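Turn these sequences into a full structure, and let the hints guide you.
Sequences listed follow chains A and B, in order.
Start counting the first sequence at 1; every next residue gets the next number (the numbering used here).
Start counting the second sequence at 1; every next residue gets the next number (the numbering used here).
Hints in this document: simulated from the structure, not taken from any laboratory.
All figures in this text were calculated on a predicted structure; none of them were measured in a lab.
Possibly wrong hints are sitting among the right ones.
The following residues of chain B were derived to be distant from chain A, with all beta-carbon distances above 12 Å [unchecked claim]:
(1) Phe-22
(2) Glu-52
(3) Ser-127
(4) Ala-225
(5) Gly-274
(6) Leu-364
(7) Gly-372
(8) Gly-453
(9) Leu-469
Cβ-to-Cβ under 8 Å is the rule here; a few derived chain A residues that face chain B [as the list claims (entries may be wrong)]:
(10) Leu-121
(11) Arg-211
(12) Ala-281
(13) Leu-285
We put the CB at the ideal spot given by N, CA and C, even for glycine.
Read off the chains here:
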Amino acid sequence: MVSIAWCNLAPQGIFAPLLIGLVAIGRTVDRGSFQPEARAEWLALAGASLALLCTPAGIGFAPMAALAAHLHEGLDDVIPLAPYLTAPQAYYALFLAVVVAGAALGIARRTEDRLLVAAGLVLCFSDGSTAPLLGIIAAPILVGTLVEKAPAMFAEPPARARLTDGLIAALTLAVALTIAAAIHPRPEQTLAADTPYALLQRYAVSSEQPRRVLCSVVAWCDYAVALPRLRALMDDRIELTDGATRKAQHDVTRVQKGWKQQLARHRIDAVLTHRSDALAALLVLDSHWTAFDARGGSVLFERETR
Amino acid sequence: MKYAWLIIAVFASRFLVGAIAFPQIDGDLSWQRWLGAGILRTGALPHSLGAETFTAPGVPWLPQEWLFSILAALGASGWGWILFSGGVALCAIAALALSALQAVRRGASAKATALCTAFAGVGLFASYGVRAQVVAWPLLVGFLALLEFEGGVAWLAVAVAAIWSNFHASAVLAPGLATLSAIGAWIDAGRPTARVRRLFGIALASLGAICCNPFGWKLPAYALALMHASFKANIVEWQPTTFGLESFKYAALPLLLIVAVLGVARRRGRHFAGWEHVLVLATMTWLLLGAARNVAIFALVAAPMAATALTDSIAWFARDAEPDSRHRWIPRIAIPVAAMTMSVILAALLLVAGSSQKDDSLALPALRALAGMPGNHRVICTDFAWCGLLVGKPGMQVFIDGRADPYPDKVWTAYISITRLRPGWRRVLAQNAVDTVVAGRDVPLDQALTAAGGWHVAYQDAHYRLWLLGSKRPAADTLRDGGA
Chain A
1 MVSIAWCNLA
11 PQGIFAPLLI
21 GLVAIGRTVD
31 RGSFQPEARA
41 EWLALAGASL
51 ALLCTPAGIG
61 FAPMAALAAH
71 LHEGLDDVIP
81 LAPYLTAPQA
91 YYALFLAVVV
101 AGAALGIARR
111 TEDRLLVAAG
121 LVLCFSDGST
131 APLLGIIAAP
141 ILVGTLVEKA
151 PAMFAEPPAR
161 ARLTDGLIAA
171 LTLAVALTIA
181 AAIHPRPEQT
191 LAADTPYALL
201 QRYAVSSEQP
211 RRVLCSVVAW
221 CDYAVALPRL
231 RALMDDRIEL
241 TDGATRKAQH
251 DVTRVQKGWK
261 QQLARHRIDA
271 VLTHRSDALA
281 ALLVLDSHWT
291 AFDARGGSVL
301 FERETR
Chain B
1 MKYAWLIIAV
11 FASRFLVGAI
21 AFPQIDGDLS
31 WQRWLGAGIL
41 RTGALPHSLG
51 AETFTAPGVP
61 WLPQEWLFSI
71 LAALGASGWG
81 WILFSGGVAL
91 CAIAALALSA
101 LQAVRRGASA
111 KATALCTAFA
121 GVGLFASYGV
131 RAQVVAWPLL
141 VGFLALLEFE
151 GGVAWLAVAV
161 AAIWSNFHAS
171 AVLAPGLATL
181 SAIGAWIDAG
191 RPTARVRRLF
201 GIALASLGAI
211 CCNPFGWKLP
221 AYALALMHAS
231 FKANIVEWQP
241 TTFGLESFKY
251 AALPLLLIVA
261 VLGVARRRGR
271 HFAGWEHVLV
281 LATMTWLLLG
291 AARNVAIFAL
301 VAAPMAATAL
311 TDSIAWFARD
321 AEPDSRHRWI
331 PRIAIPVAAM
341 TMSVILAALL
351 LVAGSSQKDD
361 SLALPALRAL
371 AGMPGNHRVI
381 CTDFAWCGLL
391 VGKPGMQVFI
401 DGRADPYPDK
411 VWTAYISITR
421 LRPGWRRVLA
431 QNAVDTVVAG
441 RDVPLDQALT
451 AAGGWHVAYQ
461 DAHYRLWLLG
471 SKRPAADTLR
481 DGGA
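See the structure below:
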């Protein structure tokens with residue numbers, strides 16, 4: 001049931017069979033042979049696999065979710081995946097914490113825990129956006145190991161101490177939520193200050209014709225989805241793209257050989273990019289393109305219609 | 001160790017053939033030979049950049065690879081080259097062998113040692129070449145191995161640190177690693193034992209040892225300053241390690257997973273290999289995360305830890321039983337013979353079917369064409385390492401070259417502005433009076449010069465273009481098109 005809910009909420013639901021499979025393998029290895037008790041885990045694995053079919057996308061969910069969850073070779077050509085880019089604050093801290101704690105403690109004797117932590121590390125290295133998953137997997141396992149290794153230090157506290165701990169935790173949570181609510185910007189403020197959005201919005205209302213736009217930062221084109229008459233070559237819905245589209249995005253943003261042909265082939269009318277990108281400099285030198293508008297560090301080029 | 005020799009033999013072939021037959025993977029060797037020849041001629045080390053660059057003449061320079069450069073100059077050709085490049089390859093092989101021996105010394109089984117040595121060998125590929133840092137590899141592994149010895153032998157680590165500092169600035173790691181080992185040993189023992197005191201002594205002595213070079217205290221100061229140098233953002237191998245890097249994915253990551261999941265802290269005989277190893281591992285992991293060029297040293301240091309962890313935790317890897325007397329010939333004769341046979345076969349295959357000097361990645365045809373042109377040239381290369389081949393050449397001055405470190409930030413900023421077409425790139429190009437551009441074909445600057453006008457192509461082939469300032473076309477015989 002959890003797998004079905006997960007698959008219908010997020011593409012990362014595709015990890016469910018993987019995680020259950022690792023637990024099943026770990027338990028089977030620890031028991032030394034396939035015993036009747038293992039049936040539950042293997043049935044759960046079968047169930048989680050079937051859950052992949054229980055979404056509106058049906059049989060198409062797995063390949064689509066694999067793309068959306070960034071489990072696809074070469075995606076880092078068009079979107080940032082490296083953990084030092086997508087999770088810069090967590091990069092050193094998270095990996096060092098897990099590796100050093102694991103090296104010092106040794107993950108608890110259960111093979112399933114070892115496999116889960118290893119899988120979490122691999123997923124996180126391959127796509128930094130899975131850093132929370134690594135934390136969720138590794139934290140209880142490492143804490144459990146610590147408690148196992150140093151039981152005296154983590155003996156059950158008296159009732160009074162437990163009550164105090166609970167109150168401190170509740171107070172900390174309330175303060176954190178208050179701070180978060182106070183400093184979190186309102187959506188309209190965020191959009192107004194966002195130069196890529198402002199440029200795309202102005203471009204969208206400048207003509208009644210439908211037009212196609214390419215953004216050198218894929219996430220910028222998420223705005224184009226909500227703006228009238230604009231269609232992006234590629235936005236963050238990576239599962240909607242094919243290999244040719246991703247190659248075009250890569251070739252143009254990295255000004256690879258043939259990038260101008262890619263722009264023509266995909267009938268791109270406008271390019272939104274950083275002012276400091278080589279792409280901007282080359283479009284300035286191209287008589288077929290003119291700067292439509294520039295704000296902050298971004299510039300939007302428009303193809304000459306004549 | 002018996003299976004590890006097979007693995008080491010295979011890598012030895014690859015390293016030796018790669019170093020001797022296909023020497024250059026970047027342009028550093030050229031300026032290092034020039035530096036070494038200059039030291040041999042004058043008997044003095046340069047302390048600043050000279051007229052070989054037009055952007056930063058007179059800027060202080062600490063040629064930390066001075067000893068390697070002298071050897072490079074002495075071994076520039078013929079048998080000298082074979083000895084020099086073969087020696088560098090032997091350093092990589094020695095590092096791998098020392099790492100494997102360290103695993104065995106810590107009680108790892110033959111199977112676990114072989115597997116982790118294979119991972120470590122793959123990890124060396126990313127940075128391997130006839131390079132000064134390769135000479136530092138066995139010195140790092142040897143230094144750490146000596147720290148684990150009991151008695152006076154451990155003090156040899158100080159001598160290793162001194163030698164290390166004359167080859168590469170990474171010697172600055174020595175006192176840090178010794179201090180961490182001492183702290184770890186103290187935590188493990190729970191009191192300042194004789195070994196702990198000795199390790200602290202070695203750490204202190206190492207601090208002095210890394211100043212035993214022509215630069216004295218300036219070498220560690222330089223190495224520490226390098227940690228925060230902004231120019232590193234422009235060099236690929238200084239970028240944080242990513243999953244896309246093959247040597248990380250297939251070497252460092254497996255070793256990292258093994259030590260993180262199985263742990264390295266455990267009691268082994270009389271020794272407690274606990275925090276001492278964990279702290280060293282943490283340092284190497286930090287270095288690994290920070291720069292792709294550190295994959296190799298991480299793999300060499302982590303391999304023995306991983307082999308020991310596998311041996312202790314997984315039954316299949318557990319220590320092998322002694323073979324009975326009827327099968328003693330296998331480790332004594334069969335395995336060495338198999339190792340040598342594999343090594344020879346692989347070397348032959350690499351020489352016949354491996355990459356050759358025709359697979360140029362240093363713009364050699366364009367640079368040769370430039371060398372044949374009269375007059376003086378102020379040259380910028382879209383890959384700064386290519387310009388290393390022009391250092392010291394008559395009539396040539398470079399914008400930036402593979403020495404990289406001494407060039408000031410403002411020069412790097414100007415270089416990046418030009419090569420990545422940042423706003424105002426044409427102005428920066430003109431301000432620096434650059435009159436020659438060696439460009440990869442279709443890289444941004446190449447495309448921009450094509451579109452911008454005011455420059456003409458003096459040489460081109462499928463991979464490179466040589467641009468000269470001015471619209472006047474050269475004589476027909478100098479404009480060759482080797483392109484497809």
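Hints, verified against the model:
Every C-beta of chain A lies more than 12 Å from that of Phe-22(B), the closest at about 27 Å, which supports listing it as non-interface. Even its closest Cβ contact with chain A, about 28 Å, leaves Glu-52(B) beyond 12 Å, as expected for a residue assigned away from the interface. Remark: the non-interface label on Ser-127(B) is consistent with the geometry, its nearest Cβ contact in chain A lying 19 Å away (cut-off 12 Å). Residue-level check passed: Ala-225(B) sits 20 Å from the nearest beta carbon of chain A, beyond 12 Å.
The Cβ of Gly-274(B) sits about 8 Å from the closest Cβ of chain A, inside the 12 Å cut-off, so the non-interface label is violated. The beta carbon of Leu-364(B) is kept farther than 12 Å from every beta carbon of chain A, the shortest such distance being approximately 21 Å. For Gly-372(B), the non-interface assignment is confirmed: its Cβ lies about 28 Å from the closest Cβ of chain A, beyond the 12 Å cut-off. With a minimum CB-CB distance of about 9 Å to chain A, Gly-453(B) fails to clear the 12 Å threshold, and the non-interface call is violated.
Separation of Leu-469(B) from chain A is adequate, the least Cβ-Cβ distance of about 17 Å exceeding the 12 Å criterion. Because the closest C-beta pair between Leu-121(A) and chain B is about 6 Å apart, less than 8 Å, the hint holds. For Arg-211(A), the interface hint is violated, since its Cβ never comes within 8 Å of a Cβ in chain B; the closest pair sits about 25 Å apart. With a least beta-carbon distance of about 3 Å to chain B, the hint placing Ala-281(A) at the interface is held under the 8 Å criterion.
With a cut of 8 Å, the hint placing Leu-285(A) at the interface with chain B holds, because the nearest CB-to-CB distance is about 4 Å.
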